[in-house]
Amino acid sequence: MTAIAHRPREAAGDRLLTRTVAERVRNVASMTRRNLVHISREPMQLSDVTIQPVLFTVLFIYIFGGAIPIPHGGSYKDFILAGLLSLNLTTSTMGTAVGLATDLHEGIIDRFRTLPMWRPAVLVGRSLADLLTACLCAVVVAVTGLAVGWRTSASPLAIIGGFALVLFFAYSLSWVAACVGLNSSSPESAASFGFIVLFPLAFVSNAMVPTQHMPGWLQAIADWNPVSAVTAGARQLWGNPNPSALINAWPMQHPIEASVAWSVLILAVAAPLASRYFRRRTTE
Amino acid sequence: MADTMIEADGLYKSYGQTRALAGVSFSVPAGSVLGLLGPNGAGKTTAVRILTTLALPDAGRAQVAGIDVLAHPGAVRRQIGVAAQDATLDGLLTGRQNLTLVGELSGMRTSQARIRAAELLELFDLADAADRVVKGYSGGMRRRLDLAASMLTRPPVLFLDEPTTGLDPVSRQRVWEVIRELIGSGVTVLLTTQYLDEADALADRIVVVNHGQVIADGTPLELKDRSRSAHVEVTLAEPGPEAAAVIAPLVGGHVSVSADGLRLGAAVDSASGLATALVRALDQAGMLVDNIEVRQPSLDDVFFALTGANAGADADVAELESEGAQA
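If you read the protein sequences in the order shown, they are chains A and B.
FYI, the numbering for the first sequence is 373 to 656, going by our numbering.
FYI, the numbering for the second sequence is 13 to 339, going by our numbering.
By construction, these hints were calculated from the structure, which means they are not laboratory data.
Fair warning: there could be bad hints in the mix.
[Said to hold, decoys possible] With a Cα cut of at most 16 Å, we get these calculated EDC-like pairs of lysine to aspartate or glutamate:
#	chain 1	residue 1	chain 2	residue 2
1	B	K236	B	D281
2	B	K147	A	E656
3	B	K236	B	D272
4	B	K147	A	E478
[Said to hold, decoys possible] To spell it out: a stretch of chain A is covered by chain B in this simulated footprint if at least three of its residues, at any positions, have a beta carbon under 8 Å from a beta carbon of chain B; those stretches are:
#	region
5	409–419
6	521–528
7	535–541
Glycine included, every Cβ here is placed at the ideal spot set by N, Cα and C.
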């Protein structure tokens, strides 16, 4: 089935494999670069990873901050930063859904389909470009946080670990967003995914408020929400107030393990599914 | 290299209730140009989409460069260049970036792709616009960039789906020139078009499709012959009342005579050798011939004869007659 089978057979299996991998990496790099050029052409695409984090930080810290007590004390500023990172990165995965839905509506997808390229590069390139914008988002959140008084006493490695934990989760979630984008009839309907799925996912969690004050059924959902595990994991790594540690649910007791497990699981399910949807969507 | 570079064999394809192809077969010998001619909705684009691995047929076989399109689409993609009907470009990239991307994704080195891109931008008169975002291009510029993209890797087989639709006459000439140059270089081309003059000008063979079926197949000359609609017009030096009777047996039909009796016209099956015979007959009858004009049927005549739509052919004749009146 593969194109490689038809190339001259003088190349031995190993060399063939190396070349295949190298070609795929090059395809992915080209597609990633393409998506980054798109962003540079329409910088407003970046508003949800630049302006929104600043806005949310200011809103939450100065408007809700005073009214939300943290069990066993601690500053809301220190509590909220991991939550803001989770919130912003979770909702920004909407960009993946919209981006892919837009691609499918452009004639360019037919061009890609007639080229001897590795087709999943369309998806992987998109997800990597979105990961890079997520990194930019993380930097904006961190800088804004530091500006308004967020502090951490953790080691540099633990600080980076906290960011990596949330970024890895956002990356896996972007593959779920890819599935949505590939099943959307239009970029607009892909955007509604953000409001219907991502916002509840981000808010029904410990990201903004401690879950202790939620109704019992909602708290159960929140404590098992991957966003809660990721947020609690970052708080634990950064040595910031983490009231979820008092909750008996397994993910809240082992937030780092839980968030890695969630991310791996989501990625393992969503990535093959997205690749299948892409094939189905581009078959006629 | 295979003798036959493109082969469609009994292709069927339906989209829902709409039957796009109902058993289409044709083949294109290496190094030649096939014009796939037909009106909108005839199934031309569907045939191209199947041959370029974009669509799967419901039934039938397709081969490109000797490779089975259904079994080895990836291998086929290494042999083809495609300029689709809707320009398949990235609106947010510049012209140069679009071409470079296509080159990279086709396995060219980036430096190599850049050089080739610059070459093609020059060839298609896009050098000045090379670093502008494609979204701001005119329809003709997009078309030309799309053609450039299809030729980027110098593929041995090219599919050009209505390459000049919507182009201004100058751009159209330009595209024709480029296609003619390509033909000289041994590329095999499948060209779809609604324009008969385009098929006539570029194609070695023409396959006429209508309602998803091949209704005629041949060289432009063969097709013209088949339409049996050549037209002959004789202008006499002096009015000759018996002239019509003299030539009637030769043209095998009705002869029209102009009001002044100087011009005689007739539709004929075949114009071959006719002019000599007419002049000889009229000379023997003692009449001097000022001018004799034999018009080969245009592909329009052929096409309308084949598809059964006669309005266009009639209009052509009317046009010719009015030209004659002016002369």
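Against the structure, the hints:
Distance restraint check for K236 of chain B and D281 of chain B: the Cα-Cα separation of roughly 10 Å lies within the 16 Å cut-off, and the hinted pair is therefore satisfied. Restraint check: the Cα-Cα separation between K147 of chain B and E656 of chain A comes to about 27 Å, which exceeds 16 Å; the hinted pair is violated. The suggested pairing of K236 of chain B with D272 of chain B is violated, with an alpha-carbon distance near 32 Å, which exceeds 16 Å. In summary, the hint linking K147 of chain B to E478 of chain A is supported, as the alpha carbons are separated by about 12 Å, within the 16 Å threshold.
A stretch counts as covered by a chain when three or more of its residues have a beta carbon under 8 Å from one of that chain; for the region 409–419 of chain A and chain B the count is 4, and the coverage holds. Under a criterion of three residues with beta carbons nearer than 8 Å to beta carbons of chain B, the stated coverage of the region 521–528 of chain A fails, only 0 such residues being counted. Check on the region 535–541 of chain A: 0 of its residues sit with their Cβ under 8 Å from a Cβ of chain B, so the three-residue criterion for coverage is violated.
The structure fails to meet hints 2, 3, 6, 7 from the earlier list, while all remaining hints are met.
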